[in-house]
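Chains as they are written, first to last, in this note's numbering: chain A, 1 to 375; chain B, 1 to 279; chain C, 1 to 324.
It is worth saying that the hints were derived from the structure and are not from the lab.
Since we're looking at a predicted model, the values are computed, not measured.
Any given hint could be a false lead.
Unchecked claim - Derived, one-sided and incomplete: chain B residues facing chain C with beta-carbon distance under 10 Å:
#1 A87
#2 S91
#3 A92
#4 R101
#5 F103
#6 T106
#7 N117
#8 L120
#9 G121
#10 A122
#11 F130
#12 E179
#13 R182
#14 S186
Unchecked claim - Under the rule of at most 20 Å between Cα atoms (straight-line distance), these lysine to any residue pairs were calculated in the SDA-like manner:
#15 K178(C) with G137(B)
#16 K93(B) with D191(C)
#17 K93(B) with W204(C)
#18 K178(C) with Q141(B)
#19 K273(C) with M133(A)
#20 K85(C) with L358(A)
#21 K178(C) with A132(B)
#22 K178(C) with D145(B)
#23 K178(C) with K93(B)
#24 K85(C) with S73(B)
#25 K273(C) with G201(A)
#26 K85(C) with I355(A)
#27 K178(C) with S73(B)
#28 K93(B) with M207(C)
#29 K178(C) with T113(B)
#30 K178(C) with T123(B)
To be verified - A short, non-exhaustive set of chain A residues, derived as facing chain C with CB atoms under 7 Å:
#31 I185
#32 A190
#33 F194
#34 A344
Even for Gly, the Cβ is constructed at its ideal location relative to N, Cα and C.
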Amino acid sequence: MTIERRTVVRAVLVFVVAALAVTLFSAMTAQGATVSDSAVSSDISMTTTTVDIDPPDDAASEPAPTSYSGSNRFLQSIVNGLVFGLLLALASVGLSLIYGTTGLSNFAHGEQVSFGAVLTYFFATQQPVSLPMIPVSFVIGMPLVPAALLAIAVAGALGWVQDRYLWSRLRKRRVGLVQQMIVSIGLSLAILNFIQWWVGGRRLRLTPDIDPRYQLGPVYLGEQTLISTGIAIACLLGVGFFLTQTRRGRATRAVSDNPSLAAASGIKVDSIVRLVWVMAASLAAVGGILLALYENGTAFDAGARLLLLMFAAVTLGGLGHPFGALVGSMVIGLVTEVSTVWLAPDLKYAVALGILILVLLVRPQGILGRAERVG
Amino acid sequence: MSSTDPFVKVTPEPGAPKPDPIVVAHGVKRQFGGLTAVDVAHFEVQRHAITALIGPNGAGKSTFFNLLTGFDSPQSGEWTFNGHSLAGVPSAKVARTGMVRTFQLTKALNRMTVIENMRLGATDQVGENFFAALVPGLWRQREADITAQAHELLERFKLYDKRNDFAGSLSGGQRKLLEMARALMSKPELIMLDEPMAGVNPVLTESLLDHIVELKAEGVTVLFVEHDMHMVRRISDWVVVMAQGKVIAEGPPTSVMANPAVQDAYLGAHHDTDLPEEL
Amino acid sequence: MDIFIDALGETFAPTTAAFALAAIGLNFHYGMTGLLNMGHAGFMLLGMYGFAISTQRGAPIWLALIVAMVVAVLFGLLLGWPTLKLRGDYLAIVTIAAAEMIRFLGRSQSLQGLTGASTGIRGNDYKYTFEALSPFPDERITVGWFTYHGTLSSSWWLRVVAWVMVLAFALLFWRLSKSPWGRVLKGIREDEDAVRSLGKNVYWYKMQALVLGGVIGALGGILWALGNAVQPDSMGRPTTFWIWTLLLLGGAATVFGPVLGSVLFWTSLVVVKRVAGVLVPDSWMTQSELEPFSLVLVGITLMCLVVFRPQGILGDRREQAINV
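The task is simple: from the sequences and hints, build the whole structure.
Structure below.
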């Protein structure tokens, strides 16, 4: 676990340059301070007054229950960061598992997240919905919980179908990992636009209920947020239990460690990978649904916007490390939310990506990744 | 043994000093996590000789190669080539000083032709500079020289007819030959071959052995890793045996395998491997 | 007939040229060196910011171009520095992250005064230095079926300049790919350790390729901005993916692959949209749904290309048959 001095120096240098650049920028834009202040206040007014207006395509100005200013902004942002980190972990754990078992950086994972949320909307909303190319609209209007469960099942099935008819075939044809990655980019482009074609660019609310808010000590939490967090923790514990305590879970970790060795010792790698795909897709859907509840809505590109944060989390934690996604996600969640205390909220994703680049400088293998490979 | 044998006065023991060493390594240690892969106390390679590096699987031979050539860096240790320290020197620079290696898993550049592979091995091509590359007049002459040199080597390695084929279309053995020929393009002082004979068919092997002996006659020093004792005995002047990361024995090829430490190493490491048959 | 003329016009539109140029840059990265740059749109965006902002501040056109290129060089150096020593997919993740960072910064309210935040910079604020150089009359000119303005915005003047630049850089690619310099890069694409063992400074060569391709991408961005406007959200990830699609379509590592790919990509996008608009009744697919529909096809095309014809249209089948 030694870190070379050179890399530390390098990182510090980058950090100083970055800090200088930020200072320079804020100096150059003298009106910057007032502008960002007004941005914050408009953000607040948006959450308190209405959530029905279509907000601009802007990650930070989403009407998330986040922008409570006041003396406890810092504490509130830490709590928000932890919640967001947990949900992000849920969405990205599948990305990490797929990378670990197959080596694929799956750029279409974000679409799995949106797909789960949009499907839930499709099943649950009281608005008329339709399918692409079919000129009939209808109302399904299921209650939220069964709708969500059905959506998760369909998303999981999509994961199975993807591996059965696409990825396993590519592996069999010995298509290189880089090529597979580009295939996943194509798939992501196709699914993303398919979803947009299907539900349009509007913001979609899964439930019309008004979220009651509780005050816990100095911080505020919505009821949906509390429930989402509980579900997320339960799911993550489930994944942890699966990976450490069950035969198939241990086999999964063995495949992650060394696929050829695992195959040689009698593990059916293909069926493990199939299982991982189903798990990854369903977990992504769960993550998508919970995030949609947490952020009071979803959109066709919700997952696409999240994709980089997921990659950042997985890379930070250690590419392919089973628990790396969790650690990385918590870091990303905290960083994005806490940064809003000092920086304009529309910079929070930029901050997360900056942290990713910085960490790669010091520890390219991530926080939990092994420093070196034997052999 | 002839009287010109430089090894005549060398004691056959681990880390023995040589009369005219081209490579000297001291205290080179490489650990992966808790596992010590290489821990060489002292190691010297005699100039203008063919030295074989042998040992059971996992003895750390390839890792040691990587360390010497800058493809991996040890936790501690010092090593020199022609008296210049190479510790911390990047691999490309090591190669430019005249110490060129090949790889155990052949690294032919598959989607380039055989002749392009060869040309890449040459040094002093000014056209490899970005700005010079824009002015063909600056590098045409050198390119012609390089090509002539490449043709000569390809003839020698029986690859001339394949010169315009993609390297990826060659057989495994031919790729080994190509890699070795490519390494020779830079006219190295020391060539380090990592299992040069693995996967090469017997006919080619014979000519490959002749090439290696020829190299020595031309004044190139050879250090190679090999499993096949038959070949080690046929061409090498000196044998170094590694086991569990350490140099455990050295000596002339005729007698080194009789060393009890060597026999222990082979038997202890792999009960199921046959001892090299000519003990 | 209208569809045909529109499609034909698209073959030499400024956008087509801009993407062809950007794809030539990416061809230096991926086709020649094997670098997985997934943030090419970031280079384009930086190029147009550099050009537009310095012009706004009164810089003459040559200075604005230099500023844009210097910014791209710095960005390339900064990206390459930590990542070119790591495995390839790290470069992919870092480039895509960095490109998005540029976009997030550009559209941030805190930089309103510099970049115009999410509304961007209006064309009139920076196009005048380029338009002032136009030798064409200041009016609409009809040649054959096509009528465009002589000098303003998406003009004949821009078309001529854009395609001359595309040809010049295609020539540069040809020259370099046939040179010893290009040979080293191709060697790195195949196996960088092998090239290292032959005494070449792999890191430095990769850096050169990254920077060169990035600068070309920045120039492509400027061409795009001269035909449209500086708008950060038009340079998001989809743009990068389109460039990849059209590069692979035409054929990576070939001289005219990027050009052919860009022409085919934009032309077929217009054809698909127009044909679907005529054939598919509005009740099935409204006009606003045509855009995502055609992009679904782009995604599927990209997938099929990589799986079934990785060498693209112009690529050497023999070369790609070899499994790497």
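Each hint, compared with the structure:
no.	hint	result
1	A87	violated, 18 Å
2	S91	holds, 5 Å
3	A92	holds, 5 Å
4	R101	holds, 5 Å
5	F103	holds, 7 Å
6	T106	holds, 9 Å
7	N117	holds, 8 Å
8	L120	holds, 5 Å
9	G121	holds, 5 Å
10	A122	holds, 9 Å
11	F130	holds, 6 Å
12	E179	holds, 8 Å
13	R182	holds, 7 Å
14	S186	holds, 6 Å
15	K178(C) with G137(B)	holds, 13 Å
16	K93(B) with D191(C)	holds, 17 Å
17	K93(B) with W204(C)	holds, 12 Å
18	K178(C) with Q141(B)	holds, 15 Å
19	K273(C) with M133(A)	holds, 15 Å
20	K85(C) with L358(A)	holds, 15 Å
21	K178(C) with A132(B)	holds, 13 Å
22	K178(C) with D145(B)	holds, 17 Å
23	K178(C) with K93(B)	violated, 25 Å
24	K85(C) with S73(B)	holds, 15 Å
25	K273(C) with G201(A)	holds, 19 Å
26	K85(C) with I355(A)	holds, 19 Å
27	K178(C) with S73(B)	violated, 35 Å
28	K93(B) with M207(C)	holds, 17 Å
29	K178(C) with T113(B)	holds, 13 Å
30	K178(C) with T123(B)	holds, 18 Å
31	I185	holds, 5 Å
32	A190	holds, 3 Å
33	F194	holds, 5 Å
34	A344	holds, 5 Å
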